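Starting from the known structure of chain A, arrange chain B with the ligands on it as the hints suggest.
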Amino acid sequence: MKTYDLVELASRNLRESVLRNSLTTLGIAVGVASLVAMLSLGIGLQQLANRRLEHSGLFDSVLVFTPRGPEGFGPRRAASPAEPRRLDESARQEISRIAGVAEAYPEIRVPTEVRYNDRPFRTVVEGLPPSAAESAAMEGIQGHFFSKPDAAEAILQADFAKELDPDTARLRGRPLTLVYAESVSLGNFPPGRSPTGPAAAGRSPRSDRGEPAGFSVLRKEATLTIVGVTESQPNAGFERFGRARIFVPLDLAEKMIPPQISALLDSPVRQPAPPAQAGSAGRPTDGPLYATLIVRVADVKNIEPVENAIKRMGFSTFSLQDATRNLRQFFAVLDLFLGIFGSLALAVASLGIINTLVMAILERRREIGILKALGASDRDVKGLFFAEAGVMGLVGGAAGVALGWAIGHTINLGANIYLQRQNLPSQTIWLVPWWLVVGAIAFSLVVSLLAGLYPASRAARLESRC
Amino acid sequence: MSDAAPRILRAERVSRHYAMGSAVIRAVDEVSLEVGAGEFVALLGSSGSGKSTLLNLMGGLDRPTSGAMVVAGRDLATLGAEELARYRRHSVGMIFQSFNLVPRMTVEENLELPLRLAEVERGERRARVEEALDRVGLQARLRHRPSELSGGEQQRVAIARALVNRPTILLADEPTGNLDSRTGTEILTLIEEINRASGTTVVLVTHEEARADRIAKRKIFLADGRLVEERKPN
Ligand SMILES: Nc1ncnc2c1ncn2[C@@H]1O[C@H](COP(=O)(O)OP(=O)(O)O)[C@@H](O)[C@H]1O
Ligand SMILES: [Mg+2]
Chain A
15 MKTYDLVELA SRNLRESVLR NSLTTLGIAV GVASLVAMLS LGIGLQQLAN RRLEHSGLFD
75 SVLVFTPRGP EGFGPRRAAS PAEPRRLDES ARQEISRIAG VAEAYPEIRV PTEVRYNDRP
135 FRTVVEGLPP SAAESAAMEG IQGHFFSKPD AAEAILQADF AKELDPDTAR LRGRPLTLVY
195 AESVSLGNFP PGRSPTGPAA AGRSPRSDRG EPAGFSVLRK EATLTIVGVT ESQPNAGFER
255 FGRARIFVPL DLAEKMIPPQ ISALLDSPVR QPAPPAQAGS AGRPTDGPLY ATLIVRVADV
315 KNIEPVENAI KRMGFSTFSL QDATRNLRQF FAVLDLFLGI FGSLALAVAS LGIINTLVMA
375 ILERRREIGI LKALGASDRD VKGLFFAEAG VMGLVGGAAG VALGWAIGHT INLGANIYLQ
435 RQNLPSQTIW LVPWWLVVGA IAFSLVVSLL AGLYPASRAA RLESRC
Chain B
142 MSDAAPRILR AERVSRHYAM GSAVIRAVDE VSLEVGAGEF VALLGSSGSG KSTLLNLMGG
202 LDRPTSGAMV VAGRDLATLG AEELARYRRH SVGMIFQSFN LVPRMTVEEN LELPLRLAEV
262 ERGERRARVE EALDRVGLQA RLRHRPSELS GGEQQRVAIA RALVNRPTIL LADEPTGNLD
322 SRTGTEILTL IEEINRASGT TVVLVTHEEA RADRIAKRKI FLADGRLVEE RKPN
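For the record, the sequence lines run as chains A and B.
Going left to right, the first sequence walks through residues 15 to 480 as the numbering used here numbers them.
Going left to right, the second sequence walks through residues 142 to 375 as the numbering used here numbers them.
Careful: at least some of the hints might be erroneous.
Stated by the list, open to error - When the alpha-carbon atoms are kept at most 20 angstroms apart in a straight line, the in silico EDC-like pairs for lysine to aspartate or glutamate are as follows:
#: 1; chain 1: A; residue 1: 396; chain 2: B; residue 2: 260
#: 2; chain 1: A; residue 1: 16; chain 2: B; residue 2: 265
#: 3; chain 1: A; residue 1: 269; chain 2: A; residue 2: 103
#: 4; chain 1: B; residue 1: 373; chain 2: B; residue 2: 349
#: 5; chain 1: A; residue 1: 16; chain 2: B; residue 2: 262
What the hints assert, rightly or not - What follows is a list of derived Cβ distance ranges for each label pair:
#: 6; chain 1: B; residue 1: 219; chain 2: A; residue 2: 475; range: 17 to 25 angstroms
#: 7; chain 1: A; residue 1: 62; chain 2: B; residue 2: 267; range: 53 to 61 angstroms
#: 8; chain 1: B; residue 1: 165; chain 2: A; residue 2: 475; range: 22 to 30 angstroms
#: 9; chain 1: A; residue 1: 373; chain 2: B; residue 2: 275; range: 37 to 45 angstroms
#: 10; chain 1: A; residue 1: 456; chain 2: B; residue 2: 271; range: 37 to 45 angstroms
#: 11; chain 1: B; residue 1: 289; chain 2: A; residue 2: 423; range: 42 to 50 angstroms
#: 12; chain 1: A; residue 1: 420; chain 2: B; residue 2: 265; range: 42 to 50 angstroms
#: 13; chain 1: A; residue 1: 456; chain 2: B; residue 2: 334; range: 53 to 61 angstroms
#: 14; chain 1: B; residue 1: 275; chain 2: A; residue 2: 377; range: 30 to 38 angstroms
#: 15; chain 1: A; residue 1: 373; chain 2: B; residue 2: 209; range: 36 to 44 angstroms
#: 16; chain 1: B; residue 1: 326; chain 2: A; residue 2: 475; range: 39 to 47 angstroms
#: 17; chain 1: B; residue 1: 278; chain 2: A; residue 2: 18; range: 29 to 37 angstroms
#: 18; chain 1: B; residue 1: 175; chain 2: A; residue 2: 475; range: 30 to 38 angstroms
Claimed, not checked - Sample of chain A residues at the chain B side, in silico, Cβ under 7 angstroms:
#: 19; residue: 384
#: 20; residue: 388
#: 21; residue: 391
By construction, these hints were calculated from the structure, which means they are not laboratory data.
As the structure is a prediction and not an experimental result, all values here were calculated from the model.
Even glycine gets a Cβ: it sits at the ideal position worked out from N, Cα and C.
Excised from the complex, chain A in its bound form (with noise of 0.2 angstroms):
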């Protein structure tokens, strides 16, 4: 018999003892319902996290620094046979272009005292690039991000902002006053740049040239003004001077801290060529180094080879990376355990698919002996038989799915009011990606095909007598 007339006959059959098999198909349908449910909700919880866990700044970045700093100085030094190469504004350049690579910072993160209705406070401000505004830390601002990327303004961590005032809304748009060490060259200061100007901000460092005799630090001052207070804090991941409390431009920090003064708290600021490889190197040091780069990845997945892009340059790097495959681990375990228990429901369902066409050939036992006689193979009976399993569980799988997408969309919508009720921004926590729709039914079509092997043969070889 051809395909298309044993699926009509099937169908045809169904429809004869409908009560029986729609409840049948019904038993299917909650149990593809209930694999459904289960797997869109492990599914969605993943990519909440995910979502989460690459705006937070935490697992989207590489830390890069010199091999021997900043963690240690000197002895590893000698490991090394070339002169190791320099974390200058050219290395970030080269580790800019790299494949996969969002932007390439450097870190600056400096103990400072500040002072607000002069009164002193001792904290660490952090410079920031535009690209924060976009982090997960910046979501619940109270205020705004920064104007522009210099802007001098700044953003207050939420702590810190209640020991300025306990009532933080009165902050935004008052006057900070930072105080900032400037260190200035001893050597060949350029014409016209006086040690005590005003204009120290305005000038980049990196246009600094020359080699310097030494240098001095300076007290200086400038006055900000708080534009935002947020909760959380960017990068909270990644302490190591402690928590940043006061937030500025990048830009702006780069200009008033310039980033040798970072790099003089970790490592010498302009290492003085080792005596044996002086002359190898043939080039005086050149502009400033950076004591740590952050750089930012565009997609999570291109940590771990852009890590070893800059391995290669010859830089120590660090991320957290293990830790999102951990997570990812977790969550392919739960997904596992969610989707033993929707097929626990399918499983009996199958059982019922088993029962119902039991019965049927029971029922038909005539009928079936009349096919044979009409000139029905076994084979044509068994397919009748799997047919009609065939189309109990399509139709049930498509139903399943169906009624598993009303139940997640519930749930969601179920705890979106709740997150409102607390005031929290809506979430997608259940999510049903469509390969998981097209697996259900598949899922549900051939557990319903094993479940009518047994009827099927059974059928096909019951006498033909008439």
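Chain B with the ligands alone, transformed into the frame defined by chain A:
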């Protein structure tokens, strides 16, 4: 066997035994007979004499325990299940005392079943169904269910279904057993017409010798599974 007609069916010492515990029931016991193409043969005998069992062996619904059942040159005893099904599909049509229509299907659907099994093209099916119903005089009842038809009409539908794949042999197992005598006569007349008009070979099982005498060219008698007598109608 009529003298001129070529042989279409030959049973050679055919037996069908059933094992019931330690006893063996010889439903058909070493029967040998021949049927010519286009012949009309009546198979007679009392109840339990093995008529139905022999007919089922001829129709390929059952296999002999021993012996050969050769139809159109092929021994059914040696055919595989798939080939036997093909033989039933294309070469024989069977009708029964109890009509054996599928009650939940309409007349048209019942007639379509053999066409589906024989993988006849969809476009051709309607014409074949109408042609078969035309032969039994029931064109108007296409959409009716068996329960909406009289016994005689149901048997006509069964005959139409048996003929829809244009078999060369029609096997009828007491087709009038459930009908009143007038309707029974009508059905037998119809079968005779089919035999005459299209040359379809007919083997008719009955226990009413008088009926057989009126239409059959030859009578075969069975008793306790054995062939006891073969003679021309009186
Ligand atoms: N499937 C079977 N199992 C056991 N015995 C059977 C079976 N079919 C028929 N018989 C026996 O074979 C004998 C012949 O039966 P059957 O061919 O139906 O007789 P008839 O059609 O002439 O009335 C009977 O004694 C019957 O009981
Ligand atoms: Mg009988």
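Here is how each hint holds up against the structure:
With a C-alpha separation of about 17 angstroms, the suggested pair residue 396 of chain A and residue 260 of chain B falls inside the 20 angstroms cut-off, and the hint holds. The straight-line distance between the Cα atoms of residue 16 of chain A and residue 265 of chain B is roughly 15 angstroms, inside the 20 angstroms bound, and the hint therefore holds. Proposed proximity of residue 269 of chain A and residue 103 of chain A is supported: the alpha carbons are some 15 angstroms apart, at most 20 angstroms. With a CA separation close to 15 angstroms, the supplied pair residue 373 of chain B and residue 349 of chain B stays within the 20 angstroms bound.
A hinted pair counts as satisfied when its Cα atoms are at most 20 angstroms apart, and residue 16 of chain A with residue 262 of chain B qualifies at roughly 10 angstroms. Separation of residue 219 of chain B from residue 475 of chain A is about 21 angstroms and conforms to the stated range, judged on CB atoms against 17 to 25 angstroms. Distance hint check: the CB atoms of residue 62 of chain A and residue 267 of chain B are about 58 angstroms apart, consistent with the given range 53 to 61 angstroms. In this structure the hint that residue 165 of chain B and residue 475 of chain A lie 22 to 30 angstroms apart at CB holds, the actual value being about 23 angstroms.
With their beta carbons about 39 angstroms apart, residue 373 of chain A and residue 275 of chain B fall inside the hinted range of 37 to 45 angstroms. Against the hinted window of 37 to 45 angstroms, the Cβ-Cβ separation of residue 456 of chain A and residue 271 of chain B comes to about 42 angstroms, which satisfies the hint. In this structure the hint that residue 289 of chain B and residue 423 of chain A lie 42 to 50 angstroms apart at CB holds, the actual value being about 48 angstroms. Restraint check, residue 420 of chain A to residue 265 of chain B: a C-beta distance of roughly 45 angstroms satisfies the suggested window 42 to 50 angstroms.
Distance hint for residue 456 of chain A and residue 334 of chain B: a CB-CB separation of about 55 angstroms, consistent with the stated range 53 to 61 angstroms. The hint said 30 to 38 angstroms for the Cβ distance between residue 275 of chain B and residue 377 of chain A, and at roughly 34 angstroms that hint holds. In this structure the hint that residue 373 of chain A and residue 209 of chain B lie 36 to 44 angstroms apart at CB holds, the actual value being about 41 angstroms. The beta-carbon spacing between residue 326 of chain B and residue 475 of chain A, approximately 40 angstroms, falls within the hinted interval of 39 to 47 angstroms.
A beta carbon spacing of about 32 angstroms between residue 278 of chain B and residue 18 of chain A agrees with the range 29 to 37 angstroms that was offered as a hint. Range check, residue 175 of chain B to residue 475 of chain A: Cβ separation about 34 angstroms, and the 30 to 38 angstroms hint holds. Hint status for residue 384 of chain A relative to chain B: holds, with the closest Cβ pair at about 5 angstroms, below 7 angstroms. Taking 7 angstroms as the C-beta cut-off, the interface hint given for residue 388 of chain A holds, the closest approach to chain B being about 5 angstroms.
For the restraint placing residue 391 of chain A at the interface with chain B, the shortest Cβ-Cβ distance is roughly 4 angstroms, inside the 7 angstroms limit, so the hint holds.
Checked against the numbered hints above, the structure violates none of them.
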